[in-house]
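Single-letter residue listing:
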Amino acid sequence: MQVEYAKAKWSEKFLVLDLLEGLKTTLRELFKPKVTIRYPEERMEPADRFRGMFKFSYDRCIACKLCAVACPIDIIYIDVHDEIIQEGEKKKKVKVLDRYDIDVKRCMFCSLCEEACPTKPKSIWLTTKTYELATYDRNDLYFNMQELEYWDDRPKFTGLPEDDDVKRIKGQKQIAGGTE
Amino acid sequence: MNTPLMHYLVWPLVKFLIAFIIVQVLVAAMNWIERRLLGLFQARLGPNRVGYKGLLQIIADPVKFLLKEDIVPASAEKVAYFLGPILPLIPAFIVFCLIPFGPPPTFTVTRVNVGLLLILALTSTGVYGIILGGWASNNKYSLMGGLRSAAQMVSYEVPFGLSIVGVLMICGSLDLVTIVRYQETNAWNFLPQIVACFIFLVAMNAENNRTPFDLPEAESELVAGYHTEYSAMKFAFFMLAEFSMMIVNSCLMVTLFFGGWTLGMFGIGLTTDVLRHMGMFGGILGTLIFVTKVMLFMLIYVWFRATFPRFRFDQLMDLGWKWMIPLALGNIFVTAIFILAGQERLMYWIGIVSIGLAAMYLFKPKPKRAAAPGKVAHAS
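The listed protein sequences derive, respectively, from chains A and Z. Read in order, the letters of the first sequence are residues 208 to 387 in this note's numbering. Read in order, the letters of the second sequence are residues 138 to 517 in this note's numbering.
Treat the hints as calculated values from the structure; they're not laboratory data. Just so you know, even glycine gets a beta-carbon here, dropped at the ideal spot from N, CA and C. Some hints could be false.
[Claimed, not checked] Among the chain Z residues that face chain A by a calculated CB cut under 8 Å, a handful are:
| no. | residue |
| --- | --- |
| 1 | Leu177 |
| 2 | Phe178 |
| 3 | Ala180 |
| 4 | Arg181 |
| 5 | Leu182 |
| 6 | Trp440 |
| 7 | Ala443 |
| 8 | Thr444 |
| 9 | Phe445 |
| 10 | Ala495 |
| 11 | Tyr498 |
| 12 | Leu499 |
One chain only, chain A, in its complex shape (with noise of 0.2 Å):
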């Protein structure tokens, strides 16, 4: 197919002006503040509303198993058991958490879990900004109860061969989780 270029005039085509403004583009580029976040000296912050690593409050939660119920591909493992509490001259009947697992290496992050929640303030929520959630081994990304309480200072790497890149990365203090 012929394809019709649109004309340059002779005194473009001649002479090289465009060529010039060309260079000239990518000089003012040259001296342009670079957009580039050097990674692990710097870290980027998300936003408000970015869903990072699962956070969950024992104290706040109800075991209403809602958030299990909501999820849509059924990672949440809950298991509750009753227990009769003397209040007073009343006898009342609480659940208790037993297990309260997610598997958050199938987790797609839709904070359907988060939205569910029937407490305020929620009791799991996914707004923690984080994103250092690579792990070596994809069994370190179920999470029980306590680990996902207590995240923070989650012992990382355990049970791997003690090559010299790993322990570099131990070095480092922080891997997965909270930013810094």
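Dock chain Z against chain A, hints included.
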């Protein structure tokens, strides 16, 4: 001590070694400078992890090249395959004997009265290695790269040579030292020979297979061109030859058009006599001025690479044969007329006026961009 042996063999060798080492360091540094600068041009940072600002990349790259596995294709033509990367290196290194880095006689390795001719003859042999390597790899892409390189070199050797003729006519010598000495008493040659300077700049980019003309190694068409099958140190030799030739051409540019080691026109400023008066320090100062100018042109190479997209092959040939050669011939014609009329100084105004016009075009305030005419008609 001043026996002929010392004068003709030992001292030139020592000087050549010093120049050679400095140039090789520059080549290694250029690898980093180019990548870093290209990054900055493209709104990113470039290699900045190894050492301060990535400076140790200069050492890290050669070390990596040395440690890589050297793969030779089973069906390669062995002798030619090994010769491929080495052949372009030899002329690129010999040429550094001929370039005057500073005020003579101390800071030039040799002074040959046909130095420019010798340099042209040597540099044009560099393409043999590329063709040989491309052919010996027994790979279609490599062969295509080699052939393209040959065609391109042949096409652009002509305007390259013709653009120098104007300078020769003005200076009346093929001796690089004489050319520089001429420029310090008169104006630097880029003023009377602005057209030749432009042609030389384009042709030297084409000669080195640099980006607007890097068809021999066009990644999107030929994988990597003539060095597709080369790895490890052999590939590094190709790179070394390419960067050495870039430095050679920058040196030629500085010597022919931008006053070599001097920093003065019309006999005013840091001319050779002033530098000689300062003794050893003056010589080193002159060499530093020369190296600074050369580095500026190396940066211009990178700048061009960051700016211009690659030519199509027929466009490349068009530019070479239909524009550059007639332009160079026309330049020789005009120069000859001015010299015959004895009005060489009038030619300075050509350069001054054209540079002024270009500057005016670049810095004029931009008119506001009008809406596209088609769209306006549609709205009404």
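Practice item. Sort out which numbered hints this structure fails and list those numbers smallest first. Key: none
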